[in-house]
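*Asks:* Below are the chains, spelled out letter by letter.
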Amino acid sequence: MRIPDRRFALFLMTPAAVFLAVFVAYPLIRLITDSFYKISPNVGGTREFIGVANYVEAFGSEAFTNAGWRTLAYTTIVVTLEFTLGLGMALLFTMLGKRSQIWRTAFLYPLMIAPIVAGLLWKFLMIDNFGLIGTLLYQAGILQNPNQIGWLSNPDIVLFSVAIPDIWLTTSFMCLVLFAGLQNIPGDLIEAARLDGAKAPALLFRIILPLLRPVIAVALVVRGIDAARAFDTILIQTNGGPDSASETMSLLIYRTMIRFGDPGLASAMGTIYLLAMLGIAFFAVATIWRPGTDT
Amino acid sequence: MSIAQTPDNGALPTPDVANRPRRAGFAARVSADDRSEIPLATATAPPLPTTEAPASTPRRRRRYNAEGLEAGKRSTRTLLWILLAAAMVLYGFPFLYLLFTSFKTPIDTIAVPPTILPREWTLENYINALGRSGVLPSFINSVQTAIISTLLSLVLAIPAAYGITRYKTPSGRVFIMAALVTRMVPPVAIGIPLASMMAGVGLADTPIALSIAHTTISLPLSIWLMSSFFEAVPQDLEEAATVDGCSRLGALWRVVIPVVSGGIAVTAIFAFLASWNEFLFALLMTAIRSQTTPVVIANFQTQFGLDWGSMTALAAVFSIPVILLTLLLQRKIVAGMTLGAVKG
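Protein sequence lines, in the order shown, are assigned to chains A and B.
Offset between the first sequence (1-based) and the numbering used here: plus 81.
Offset between the second sequence (1-based) and the numbering used here: plus 198.
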C-alpha cells in the first residue's frame, strides 16, 4: 500500500512544522496575549487584563520612540558601512584575481567569532584610559589627549562606536556575497564597456552595480534584519548607555522585561517591534528586491 | 551565515524562489566556482593554451569569467596588493591584540598607556580564567548544547527540506515561507515566553531547553540550506532506487542522504556555530547549572569587577577552536554561505 506523494511530503515536513509551531509560533502568541495584560513579575504574580493600555504607554513613552529611531539609525550605519567596505573588498579581491584566494579565506575569520567576544574586544580597544585606539591616535599626534574622543562615553557618537564590532564581524559576509556576484558578471561585458571608453566610475555605477542588483538586495535585506535585532555587542559594550544613547529596541525590551519588571509593557513593545520588522522587511523585499523582474 | 552573525546568516523569503530556475542556476554556478577554486583550474575555463601563460606576462588573458575586472597593469596590481595588505592588517589586528593582551600580566592588561605586545609573556591570565569556578563546566555545557541543537536541527530539517524540494506541494511552499519569516522574529520577543514554557515542563536551566531555543534559530537556516542541496540531486536517482524495490523513505536514507552528505556537513557547521556563539537565549534561559561560555564571559564584567586579563584569555580559548575548525573546512563554509545568501 502506497500513500500518495502529497501526503508523504506532508509527513516529512510535519516534525519540523510542529517544532516551529510549538517553539516559535506559540511563544509569539503568548507574547501577543501578554501585551494586553498588566503582569506582576513575581513568580505566580497577578495578571490583569488592561486592553491596549500597554500599547498606549509604549507609544507615549519617549524611551520607546527614541529606541525606535536609534534602531533605525544603527541599522542604517551598519548596513551602509558594511556594504561600502564589503563592496570595496570584493572589488579588490576580484581585481587581484585568483592569487588573492588565501587572503579571501583569511578575511572571513571574524564571521566565526561570537558577537559577545567581538563586543568585548572592541570595548577594550575603545575604552577610556587604557583603550588602545585613543592612545595610538594620541601618539600619532592626531589627538591632544588619548581620551579626547570618548568612543563609548560620549552620547553623541556612542551609537556609531557600538556599531563598529557589528561592522567588523559581518563585512566579510557582505564581501563574500558580493564577490560571488562579481564572479558571475561576464568578462566580455566589462571588456566591451572598456572598449567603448567607459571609465572606472561609469563602469561601477552603470554596469557592475545594476548587474549585481539581485545579490545586493539579498545581502542588504539579510543584514538589515540582523542589524535591527542587534543585542549582544551593544549590551556588552555599553548596556545601552550613556544616558540610553545606545539603547536600541532589543535592549529596551530586555531591560523593560528584566530590570524594570514589566513583562506586559515589554510584550507590547516586542509586538510592535516584530510587526515593524515584518512590515519593513516585506516592503524592502517588494521594492528593492523586486522578485520576478529581471534586473 | 550570518553564521555568522553572523554566523547568523541566512536567506530571506521571496515567493516560490525555489522554483525559479534563473536563481537556482546562479547559485549553482557560484558554488561550482567555489569548489573549483582550490585546484587552479576552473570548471568553466575553456582549455585555451594561452591561459597557461606564465604570470610574468602582465596583460595575459585570464581564465576567470570576471577577467574583465581583473587589473592588468603591473603598477595597478602592486598598488592593489598594498591596499589589500593594509586592509588585512587593519582587519586582523583587533583579534591579534586580544591574543597579545591575554599573555600580559593582569596588571599590564590595563596599563596606561597600553602597549601592543606584552612586556612580559605569561600564562597567568589563562590560569586565572580557567581556574575560576564555573568556567570549565561552561565549556562542557556549550559543547553539549551545540551538539544537541545541531543534531535536532538536522533531524528535523533533512526530511522537511526533502519533502519541500522533491514533491513541490503547495503546503511545502507555504512551509518554507513560514520557516523564513521565523528569521525575522527578534529573539528578545520569544525568549521570555520560551523560558517560562521550559520552566513549566521542568526543563528550566538545562542544556536541553537551551538547545531547543537555539534550534529555533538554526532550523529555518538548515531547512533553507538543505533545500538548496537537495535541489541539486537528480530525481532519477531515487526513481531508480524505488524501481529496484526501495520504499521512498528507504530511497531517501540509502540513496539520497549519502549523495548530499557534503551539504549535511555544511548545514551542521552552521547550526553548530549558531548555537556556540549565541548569547541572548543563553542569558535568559540558564542560571548556574547550564550556563554556556558566552554568558560566563559576559559575567566577568559584572561579577568580578573588570578582570580584563581573564576575560581576554577566556575569549581566546573560546574562539580559537572555532576559527581553526572553520579555516580547515573553509571551502565547505564558503559554498554554504554563498548558497544560503545568493540563492535567496
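None of these hints come from the bench; they were simulated from the model.
No experiment lies behind these values; they were computed from the predicted model shown.
Heads up, some of the hints might be wrong.
Said to hold, decoys possible - Which residues of chain A face chain B? A few of them, derived with a C-beta cut under 8 angstroms, are: (1) Met94; (2) Leu101; (3) Met176; (4) Tyr190; (5) Ile197; (6) Trp203; (7) Phe205; (8) Ile223; (9) Pro227; (10) Leu257.
C-beta: ideal position from N, C-alpha, C; glycine also.
*Asks:* For each hint, tell me whether it holds in the structure or not.
*Replies:* Taking the hints in turn, this is what the structure says about them:
no.	hint	verdict
1	Met94	holds (4 angstroms)
2	Leu101	holds (6 angstroms)
3	Met176	holds (4 angstroms)
4	Tyr190	holds (6 angstroms)
5	Ile197	holds (5 angstroms)
6	Trp203	holds (7 angstroms)
7	Phe205	holds (6 angstroms)
8	Ile223	violated (15 angstroms)
9	Pro227	holds (7 angstroms)
10	Leu257	holds (6 angstroms)
Hint compliance for this structure: hint 8 alone is broken.
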